[in-house]
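Chemist: Those protein sequence lines, which keep their order, are chains A and B. So in UniProt numbering, spot 447 of the first sequence is number 447, and the numbers just go up one at a time. So in UniProt numbering, spot 548 of the second sequence is number 548, and the numbers just go up one at a time.
These are computed hints drawn from the structure, not numbers from a lab. Source: prediction; values computed, not measured. There's no promise every hint is true.
The list treats identical chains as interchangeable, and a pair is accepted whether it falls inside one copy or across any two copies.
[As the list claims (entries may be wrong)] Calculated lysine-lysine pairs in the DSS-like style (CA-CA distance at most 25 Å, straight line): (1) K677 with K138; (2) K677 with K145; (3) K602 with K487; (4) K610 with K334; (5) K646 with K146; (6) K523 with K40.
The primary structure of each chain is shown beneath.
There are 2 protein chains.
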Amino acid sequence: MLSQQSLNTFTEPPVEMARERNQTSFNPRLLTYFLDGGEKNTLLMDRLMQEYERDPVFRNEGDYDITDVAQSRELAFKRIAKLIEYVHTDDEETYLYRCMLLGQIDMGAFARYAIHHGVWGGAIRGAGTPEQYEFWVKKGSLSVKKFYGSFSMTELGHGSNLVGLETTATLDKNADEFVINTPNVAATKWWIGGAADTATHTAVFARLIVDGEDHGVKTFVVQLRDVETHNLMPGIAIGDCGKKMGRQGTDNGWIQFTHVRIPRQNMLMRYCHVDSDGNVTEPMMAQMAYGALLAGRVGMAMDSYFTSRKFLTIALRYATIRRAFAAGGGQETKLIDYPYHQRRLLPLMAQTYAIKCTADKVRDQFVKVTDMLLNLDVSDQEAVPKAIAEAKELFSVSAGVKATTTWACAHTIDQCRQACGGHGYSAYNGFGRAYSDWVIQCTWEGDNNILCLSAGRALVQSNRAVRAGKPIGGPTAYLAAPAGSPKLAGRNLYDPKVMIGAWETVSRALINRTTDEFEVLAKKGLSTAQAYEELSQQRFLCTRIHTRLYMVKNFYERIAEEGTEFTKEPLTRLANLYAFWSVEEEAGIFLREGYITPQELKYISAEIRKQLLEVRKDVIGYTDAFNVPDFFLNSAIGRADGDVYKNYFKVVNTQNPPQDPRPPYYESVIRPFLFRKDEDEEICSLEDE
Amino acid sequence: MLSQQSLNTFTEPPVEMARERNQTSFNPRLLTYFLDGGEKNTLLMDRLMQEYERDPVFRNEGDYDITDVAQSRELAFKRIAKLIEYVHTDDEETYLYRCMLLGQIDMGAFARYAIHHGVWGGAIRGAGTPEQYEFWVKKGSLSVKKFYGSFSMTELGHGSNLVGLETTATLDKNADEFVINTPNVAATKWWIGGAADTATHTAVFARLIVDGEDHGVKTFVVQLRDVETHNLMPGIAIGDCGKKMGRQGTDNGWIQFTHVRIPRQNMLMRYCHVDSDGNVTEPMMAQMAYGALLAGRVGMAMDSYFTSRKFLTIALRYATIRRAFAAGGGQETKLIDYPYHQRRLLPLMAQTYAIKCTADKVRDQFVKVTDMLLNLDVSDQEAVPKAIAEAKELFSVSAGVKATTTWACAHTIDQCRQACGGHGYSAYNGFGRAYSDWVIQCTWEGDNNILCLSAGRALVQSNRAVRAGKPIGGPTAYLAAPAGSPKLAGRNLYDPKVMIGAWETVSRALINRTTDEFEVLAKKGLSTAQAYEELSQQRFLCTRIHTRLYMVKNFYERIAEEGTEFTKEPLTRLANLYAFWSVEEEAGIFLREGYITPQELKYISAEIRKQLLEVRKDVIGYTDAFNVPDFFLNSAIGRADGDVYKNYFKVVNTQNPPQDPRPPYYESVIRPFLFRKDEDEEICSLEDE
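Just chain A, with the same shape it has in the complex (with noise of 0.2 Å):
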């Protein structure tokens, strides 16, 4: 070890890492197994990601300098067909796990993957009959052979609100065939992924208009290109959707169909039926025909964990070894020591350790509502509300999660962006690309503003079913029980019990304060739906807080299932500290409703305080924990082993190797201007009269 005379500041950053990693309270690799799911999972991530790394088609050293969108989508695709190679050899969790991961790699090859892999192959799996999705199947839809599929929902002039969509879809009975028409340009499939360079089929939102009489919004699998020469199928037009601001890898374009005929087989037939006759059934179960979009969201939740993790260890690792200021005289201070900068970070970590555990949770529920629907006799009438009743509380739920943690993720980013300070906003760091590539996350597949006031009115009605005297079960089981004490009134903070119980108290009295709203108004003669828009602040604020109640409880029950004699002190100290920074970001509504005091509230913020210096101690091993290799990373500052300057120097060098001091432009536009001539001063003389 070097001794600390010859460390200046270019030196000594490797061995203060090395020190700091050394004083770890806890063995770092006992939190990644509970951050994983256990040993096992961790093993299979590491083997993915050991294969990743070392596979030349995700090299990723040059990513951040590729600009051109061509050379973006090559690239994407490439590393697509490099993970379809594994599609038949993987089981199915590793090939999620592998799927998942490409994601860290490039976020616009993932999207643009999990568009024909999740939204195209879920939608013909989720809303068409096994022997529809046995023929797509057969057709290459899994193995991607001869076939890419895609999937028509937006259009040019409706997102969010579905059953506003133009597209239509009618029947012809003498041919037994659907006509596919776009009726005007703001009707046009938009942002459609896949269609620009790839897609030779897909799944298309359309009305299902039978004898003049519309039925709705249906999927129909409409031919693309030819197969043989990728030539548009006739009556096709598809545009590029060209530059976004991120994800280039995805190949979005537009779509327009021009009365396109395909056979009546080709309507996703599973929650409703039309028969050669012109016959429509549709059983109750219609509603879940979205259910395809179920489990983007959910997945979401599990990317916002990567992507936090993620940058999170970047901006952690870089300020446990950058100093700046001197807080006490004498050697600077490292932006770590300083409270403030703790305060900005440590509990965005702790928040990250939560959104873990809440991803993995709504993902247990996802699977089980799946197969439930998958296996469903869609005529037996006791199974049916059933499973509809689990399956709205997954929207419900799984909506606020998405909205939450994709808009913490964004946030996240950005702060520790922010954090890095100038070098932040280098490309090389990651945090740019990052960002622009992430954020469409809090747009697509439900914006998370919509989702949230879904989510409130969805939190009302359970409550007014309370008050109905209806049952209610899963996480808003505690509309129903008992009320505990309504302040915090000095019991102690620590007693998880405690902390639950307060965010389950600020939630139901705001919840009640709503559906009391709710009913003044619908009293006043209000309909439904305008009591509801009236109170859409409202709605909004009951999805955040019950949302981070959720949060906050599910990072305490794991720990109390899974947390071992090693894990549970340093995970608990996480849990208390996301709890506690929590209520004070929501002091406002804990303070208006009484549950806590000013005083109390200045209590919390000096426990708070309290726990940042405990868990600064471990800031290493927290981020270790999170088990991100360098190649993930991709960030010249992030580094393990803490030698950022000298890797950050040498990647910005290595990508823009030593040149000659005049740029190219030099003498066509930077000397003809330095060397300009003086403007001619004569002018022509007119004698005055």
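Dock chain B against chain A, hints included.
Modeler: The following block gives chain B in isolation, referenced to the frame of chain A:
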């Protein structure tokens, strides 16, 4: 006018936009005069905007598809060159406006020129003697002939903490020269705008070393490149910082100095003088040497206005023609008619008006202080302390305002993007690029977090001065004023005195509380630095609330001073909305300080709702008043005529003309993959023994 029946999703928008515009209750032009500070300024802006729009160098419809860094830089330089042609023909104010408008077209080009004109220029003017300033102007600094300046402040290992910079400037008395040197790699000058491609000279922040004694950081002019050949000067090493998150038009580079010799006269000596014998004279004004940074901060508040108004115009116009869902059944509702959508965007619009009032206020103060400093006799024992006090106050006010407004603008761009749903993610609507270009404003020239902490410290210091019976003035004068009512207690919210009083009371309470805590810590024996460190969260909060108060106050006062019979009403509506909404945003503090009760908070929220409904009616008028021509918006969905879908469809298709359905990598990548052979499943047989 088209009949209602012939309108569909595609054709309705322009008709609706015209209808909305017609219903405006005021003359938007009069609000423009208010915002611009008078008709004269508006006419000047109109003229300059037209000149930009007509000049081919500024044609911007292709800007979003430029991805190549070198191409961005070349275009940026062409634009700068064009701007500079006006430097001698424009009067100073016109040129300033012209510069600001460049930032509305190309933030990268603007930054690159601002570094030369504002920062380098500001350094030689502010830190150089009048003779030194004249010398560099004669060399071509102002006209940019055979000369391009830059500013070498930050190093790889040091940013915000200027006193920790490691580059040295050692006086060699024998040669009457300074030797500029980079002692280790972490001391490499980093992020130097203009260094990579353009700069011939630079102002270097380096430690003045005379006879082995370190006199701290001063400014030295160093030549980087030979003027004739653009080759690097001896001892100068320059590299390219490469790709950034945004602002690719600025050519940031790194610089290492290896024993580079400069004449002693190249030290900028207004505030610190070194003679040929090595005598160092530092009048009390030494701290003013950082004054060059002030102009940047003040300009960024103005920039925040320019940029916020642009994206609010886009998002609010879009919200006025976009329909989704049917709140009351029947025709779909416009986004702007959803209470939640109003709440998301309209307060940000009001805030943007408030930002302008505050930016003007701070700029006036800046002009005053700058003039005072430039005309100051540094030996005047009476004038100097007064000047220092005024400059300090400006430092602190501008710190809070810079942080608050640049964050507000980043948030506004982001919220506006999300409010446009998926179309917000298209490059052609401008949000992505603007966000990436913008956010560095929150970091450079004083990291926002550090600025807030430092402004918070100044607030506590002012308050301690008040307690010590010293007079204070300016924006903190209310700290010394007699306390008003400690509670809202049912007074009239619509009386600006009440609203301003509310903010003053809460801000004063917060600063008092923090000052109390400071004194407790000091009594416990903590050093001043340690005590402030402990109180960082509180300091941050003090700045946040004090700055918000300042903005609320400036808005009301400007209306009182400059509002007319035609504009007072619509402006007051916005000011009320901004003030009330700000209380709601900071409800936690207002409740904690006991200024309002939960019941009053509910009332305030209800009043916000009322204001929103009023403001909504005139939303097109309020955004038209921002007076941003379509050319400057450069956003397919933001057009004034509201013909959103047609325009957007056209722009996307112009930028991405119809192409072969087979993308360039079809034959090489896609086809071989889709048509790959099944894996060879035959395996060599081994006879098991």
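Chemist: Does each hint hold? Answer for all of them.
Modeler: Outcome of the hint check:
no.	hint	in the structure
1	K677 with K138	between (73 Å within a copy, 15 Å between copies)
2	K677 with K145	between (65 Å within a copy, 9 Å between copies)
3	K602 with K487	both (15 Å within a copy, 20 Å between copies)
4	K610 with K334	within (18 Å within a copy, 49 Å between copies)
5	K646 with K146	neither (48 Å within a copy, 36 Å between copies)
6	K523 with K40	neither (57 Å within a copy, 55 Å between copies)
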